[in-house]
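Enquirer: Listed below, chain by chain, are the residues.
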Amino acid sequence: DAKTTQPTSMDCAEGRAANLPCNHSTISGNEYVYWYRQIHSQGPQYIIHGLKNNETNEMASLIITEDRKSSTLILPHATLRDTAVYYCIVRLNSGYALNFGKGTSLLVTP
Amino acid sequence: GAVVSQHPSRVICKSGTSVKIECRSLDFQATTMFWYRQFPKKSLMLMATSNEGSKATYEQGVEKDKFLINHASLTLSTLTVTSAHPEDSSFYICSARKNGQGLNEKLFFGSGTQLSVL
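Residue numbers (the numbering used here), protein chains in the order written: chain L, 1 to 110; chain F, 111 to 228.
Everything labelled a hint here was simulated from the structure, so no lab data went into it. Owing to the predicted nature of the structure, the values given are computational and were not obtained by experimental measurement. There may be inaccurate statements among the hints.
Claimed, not checked - Cβ pair distances, simulated, as ranges:
no.	chain 1	residue 1	chain 2	residue 2	range
1	F	Ala112	L	Glu14	25 to 33 Å
2	F	Pro196	L	Asn99	23 to 31 Å
3	L	Ser9	F	Phe149	16 to 24 Å
4	F	Asn180	L	Ala17	39 to 47 Å
5	F	Ala182	L	Gly29	34 to 42 Å
6	L	Pro110	F	Ser125	40 to 48 Å
7	F	Ser183	L	Leu51	29 to 37 Å
8	L	Ala17	F	Pro196	39 to 47 Å
9	F	Phe149	L	Met59	25 to 33 Å
10	L	Pro110	F	Asn180	25 to 33 Å
11	L	Pro76	F	Ser125	30 to 38 Å
12	L	Asn53	F	Lys124	47 to 55 Å
Unchecked claim - Output of the computed footprint for chain L on chain F, the stretches with three or more beta carbons under 8 Å from beta carbons of chain L:
no.	region
13	154 to 163
14	183 to 194
For glycine and all other residues, C-beta sits at the position ideal for the given N, C-alpha and C.
Pulled out of the complex, with its shape left as it was, chain F reads as follows (with noise of 0.2 Å):
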């Protein structure tokens, strides 16, 4: 159980156009997610959190106006990238916090997004 599905796997865009990414748990009901960016041979960085019903928490420096965060329902978290440019180009991964999990929490990530924008 506690699966993460994200989708698309790989994305390829034009300079200028806009890439919406999902994230799902499929068999647990997560009132957080997270989303994350890795830029080859790096490390993952936190971009935002993101909860059920309100506003996004983003991390300094990452500008909450071109990744706009949705998290509409308790297994559906959304990340666009608005007017993608060539630096946006990276793996973006979403994870998501088992609501009850209680103190054996673990999170539970997606598989990744490759976005390569032209």
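Bound-form chain L, shown alone (with noise of 0.2 Å):
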């Protein structure tokens, strides 16, 4: 899987955007990017992945540039909740394990 490069933490105010960026510049063309968060003592939870378009659910959007090398995953109205450790993963999508590297530590303050 190609690696990935993180910002080690980001601070958001409430109600704001967050804004995540991820670099996989190695990713290659069947890779998919995927972003789950780890809220503390607490296993990770989905938020969403995408192959080349942007991707949106009810939690949060991903945008991927056209070559692929970065993406942004953007939480539209942070809330107190949101804090906790956001993880950007490529991998391909054939039944592997999941490997998280450090992540980025998002704080949302009131």
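Dock the two chains into a complex; use the hints.
Expert: Right, here's the structure in full:
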């Protein structure tokens, strides 16, 4: 699986959009971009994933650049409960485990 | 849907004893489950891949005789930490791959088990 690079930490004011970047410059054509988050002392929670088109669901939007070398997870209206570690993972959609990097620790402040 | 139940959520045991952690997929079948370990302020590290009806595949550096994995049904995998020592104290998390997902594949995670070995 391709490696990813994320900022170690970010802050966001409550109610504002949180934009979390991820660099995956070595991604191959059939690898997907996944985002999970982990709230303290809980198991990871799936957020969204995509291949090359932008994706949106009830939790977030995923913007993937045209060359697919980077992506941004957008939480449109961050709340205090969105404080968590966010993991960007690139993998083949083939039944293997997810390999977690260090992620971005997002702190949403009042 | 797609709930993974992990039990217990927290366990404290004495050094030298064994501890069993259960991971159940409540509303779907999972031929494949994964076990992770997470130390404080660190990321999740894959320990092993568990396949129903066959032997688990362990990651490099993970002792298969110490971390026994059994996946006897399509909804249950267990991890037994044998002869636990304080250095085994960690947060253990299971994950299940829902059968038949196809290209929109997601993995579903349990809520984790905090093991403390005294």
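Enquirer: Does each hint hold? Answer for all of them.
Expert: Results of checking the hints against the structure:
| no. | hint | in the structure |
| --- | --- | --- |
| 1 | F/Ala112 x L/Glu14: 25 to 33 Å | 29 Å, holds |
| 2 | F/Pro196 x L/Asn99: 23 to 31 Å | 27 Å, holds |
| 3 | L/Ser9 x F/Phe149: 16 to 24 Å | 19 Å, holds |
| 4 | F/Asn180 x L/Ala17: 39 to 47 Å | 45 Å, holds |
| 5 | F/Ala182 x L/Gly29: 34 to 42 Å | 38 Å, holds |
| 6 | L/Pro110 x F/Ser125: 40 to 48 Å | 43 Å, holds |
| 7 | F/Ser183 x L/Leu51: 29 to 37 Å | 33 Å, holds |
| 8 | L/Ala17 x F/Pro196: 39 to 47 Å | 44 Å, holds |
| 9 | F/Phe149 x L/Met59: 25 to 33 Å | 28 Å, holds |
| 10 | L/Pro110 x F/Asn180: 25 to 33 Å | 47 Å, violated |
| 11 | L/Pro76 x F/Ser125: 30 to 38 Å | 49 Å, violated |
| 12 | L/Asn53 x F/Lys124: 47 to 55 Å | 54 Å, holds |
| 13 | 154 to 163 | holds (count 4) |
| 14 | 183 to 194 | violated (count 0) |
This entry does not satisfy hints 10, 11 and 14, going by the numbered hints stated previously.
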